Amino acid sequence: MRAKDKILIVDDNEELCQNLADILELKGYEISKAYDGYHAIESMKSKKFSVVIMDIKMPGINGLDTLKILKQINPKISIILITAFADDIFYKESKKNNDLKIVQKPIDMDNFLFLIEDILAQKNGALPQSAPLKPNGEK
Amino acid sequence: MIKELFTRNLDIIFLFYGAAFFGMGIAIFIKQPSKESSFKLAQPIWLLATFGIIHGINEWIDMITMIKGYNSHAWDIITTLILTVSYIFLFAFGLRLSALHSNKSVNKLTLPLISSVVILFIFTSGQPVSIWPRYFLGFPAGLLSAFGIYFYYRDNKKILKLLKTRGYFLIAAITMGVYCVLGGLITPKGDFYPACAINYNSFLNFFGIPVQLLRGICAIILSWAIYNILAIFSWESISHLKSALEEVTSAKIYINNILKSIIDTLIVIDSNSKIKFINNAGCQILGYQPEELIGKPATKLFKKGTLLKNKILRNLIKKESLNNYEVDCITKGKDKIPMLFSGSIMKNKNGGVNGIVAIGTDLRNLKNLQEKLINAEKFAVMGKVSGIIGHELRNQLAVMRNAAYYIKMRLTGKPDADDKIIKNLNALDNEIKEADQLINNILAFSRTKLPDLKPVNLKKVLLRNIEKIVCPKETVLTTEIDEFIPEIPADELQISRVFINIILNALEAMGNVGTLTIIMKVSDDNNYITIRFEDSGPGIKEGNKEKIFEPFFSTKEKGTGLGLATSKLIIEAHGGSISAENNAAKGAAIIINLPVKPR
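One line per chain: the protein sequences are X and P, in this order.
Residues in the first sequence are numbered from 1 upward in steps of one, following our numbering.
Residues in the second sequence are numbered from 1 upward in steps of one, following our numbering.
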């Protein structure tokens, strides 16, 4: 059995971080949490994550800026941005960038879990890419 | 017998002969044709008049000579000099008149030169003195005048025919010609040819009448013809008057047209505060016919006492003008119309107040615009607020939804997880989804952006969106689309949203049973594309036809009342319009007009 996939959750809403972590831990992933961009960068340096789930709107350094730094640290990292807004710009951005997924809050968890599995499967080369998913996971 | 009768009464002939020419001269001077007249004859005619008067006097002198029996050489010379002067004027007339035809001016020295020669001969020749002016001045003068009149007649044939004076010109020319022969060539008897052969005596012997009688007759005919010719100047002045009158009339019509075509209300009130004039725009706005207002008190158009209470009139009279005074006007149908008036006092010659002229602008459109502006501001604020609330609420909803999911995960397959718990968790999840949808709708409305206009084929957009919609089994959706629908500038995403909103609304209104017909066609003037969504539902209540487009107005139990409001926002941002009505048969119709060309 291979080692647990490591996922970093970044959101200034601690409760959201917590119950998202609960769900994902229950699904068998190893979860780290960060409540802002700086801590996310710190964590990134110390651990090798497969996936980062990150809020866009955060105090201090926002999700999009954090994303750029995280990519510098680990160019192979997959990032899922979660946002309460779903502006057209982000969608266009996500279409251009295959690695970038955007999911709208409140999260449709069934689709979300499927998305994570899919990303990891691609990364581990175990499974072919499944059918494309709706980026916001909603309707 | 006859010869003797005439010879003895030559003095009487001279009387009429002289009177005829004198009268002609006076008549011309009385008429005094303007030098600016379009008839160029007016310019030299004073010369003819002067000739007439002097020559007339000359004939009368001849008459006196005859009666008194004066018979001295000195007297002869004096009378001949007067005759000479008269011929000089006729000569000048003839020259000037001929010059009108040939457009060539005669050497200015011609006339003085001939005159000098004549005068020289008078004093030195020893022949009967009147021979010389007759030969050298009278004859050519008469000839020039005769041809001058004839050519003048030919050059102005059309207009003279119109004025029915053609005949008089011809008569004048012929008479002048005859007169020039009788006066210029038939002279007293001289020692040389032709005066020795052709003279008064030979003429009398040959014709049996004295030449003076024929000259007199010529003079009378000529004067009569000239007198009639003078009428052309009268007619001219009449026609001047006529054209002036026409000008005034057309100017009046022109000014009236301007006054009538002014878009704003123009009203003139006399010093008794009665309406003296009101233009079409004013009548239309106020709902009156002009005759219902003219002569009526101006207070009829305002709320009782408004004018006096607001001191409008008093201010106006004191300051002589008034700018942008807002006051409500009352229409015939007793509606209030806010109007913005500017007016000023009209004064008469003596500085007294003659009345008031005022221009009023209908403020209704402006008020509408103001309302729209206020609404736009409201929407802008709402957009910001709903954005913030939406973000916050979504974060909280996210936590709740995750929590529910987590609990469901933990309980699934566990013995104490009965149906009720799962059902409750599902209900929680569904309500969160509903709440999220509500936020979506609010954001869609409040954050509707300016359309990104690109050429769009509405036919394709409509058909594509209809495909997306899952139509209930009991519903029939039909389309009637014009063969050719031109591409128009539009935001495809926004228009799609409108189509879907309206179609879903209609389906819901029909309770998913009935017929929805979508008709798309180009307007008759080719300026708009009209899309009509006709459902067979219960229709719209009369009072709700406009309200259904207001935000948060909903007749449905569930619904934010934002679908149609958002649609309206989008359509209006495209420069189009959206409205609702009930079909003749059954159900309601939503009508969209979108401009073919960008505004």
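Among the clues, some could well be false.
[To be verified] To give an idea of the chain P side of the interface with chain X (calculated C-beta under 10 Å), a few residues:
| hint | residue |
| --- | --- |
| 1 | Ile345 |
| 2 | Lys349 |
| 3 | Val353 |
| 4 | Glu392 |
| 5 | Leu397 |
| 6 | Ala398 |
| 7 | Arg401 |
| 8 | Tyr405 |
| 9 | Tyr406 |
| 10 | Thr555 |
[Claimed, not checked] Using C-beta positions, here's what the derived DEER-type ranges look like:
| hint | chain 1 | residue 1 | chain 2 | residue 2 | range |
| --- | --- | --- | --- | --- | --- |
| 11 | P | Leu373 | X | Lys123 | 46 to 56 Å |
| 12 | X | Lys6 | P | Glu550 | 46 to 56 Å |
| 13 | P | Lys454 | X | Lys123 | 52 to 62 Å |
| 14 | X | Leu26 | P | Ala427 | 19 to 29 Å |
| 15 | X | Pro75 | P | Ile591 | 51 to 61 Å |
| 16 | P | Ala427 | X | Ile61 | 35 to 45 Å |
| 17 | X | Lys123 | P | Ala417 | 52 to 62 Å |
| 18 | X | Leu26 | P | Leu493 | 46 to 56 Å |
| 19 | X | Lys123 | P | Thr555 | 48 to 58 Å |
| 20 | X | Lys123 | P | Ala573 | 38 to 48 Å |
[As the list claims (entries may be wrong)] These stretches of chain X come out as covered by chain P in the derived footprint (C-beta under 8 Å, 3 or more residues):
| hint | segment |
| --- | --- |
| 21 | 19 to 33 |
| 22 | 72 to 81 |
| 23 | 101 to 108 |
No wet-lab data here; the hints were simulated from the structure.
None of the values given here were measured: they were computed from a predicted structure.
In this text, a Cβ means the ideal position worked out from N, Cα and C, and glycines have one as well.
Quick rundown of the hints versus the structure:
no., hint, result
1, Ile345, "violated, 62 Å"
2, Lys349, "violated, 73 Å"
3, Val353, "violated, 67 Å"
4, Glu392, "holds, 8 Å"
5, Leu397, "holds, 4 Å"
6, Ala398, "holds, 4 Å"
7, Arg401, "holds, 4 Å"
8, Tyr405, "holds, 4 Å"
9, Tyr406, "holds, 5 Å"
10, Thr555, "violated, 25 Å"
11, Leu373/P <-> Lys123/X: 46 to 56 Å, "holds, 55 Å"
12, Lys6/X <-> Glu550/P: 46 to 56 Å, "holds, 53 Å"
13, Lys454/P <-> Lys123/X: 52 to 62 Å, "violated, 39 Å"
14, Leu26/X <-> Ala427/P: 19 to 29 Å, "holds, 22 Å"
15, Pro75/X <-> Ile591/P: 51 to 61 Å, "holds, 56 Å"
16, Ala427/P <-> Ile61/X: 35 to 45 Å, "holds, 39 Å"
17, Lys123/X <-> Ala417/P: 52 to 62 Å, "violated, 34 Å"
18, Leu26/X <-> Leu493/P: 46 to 56 Å, "violated, 39 Å"
19, Lys123/X <-> Thr555/P: 48 to 58 Å, "holds, 52 Å"
20, Lys123/X <-> Ala573/P: 38 to 48 Å, "holds, 45 Å"
21, 19 to 33, "holds (count 5)"
22, 72 to 81, "violated (count 0)"
23, 101 to 108, "holds (count 4)"
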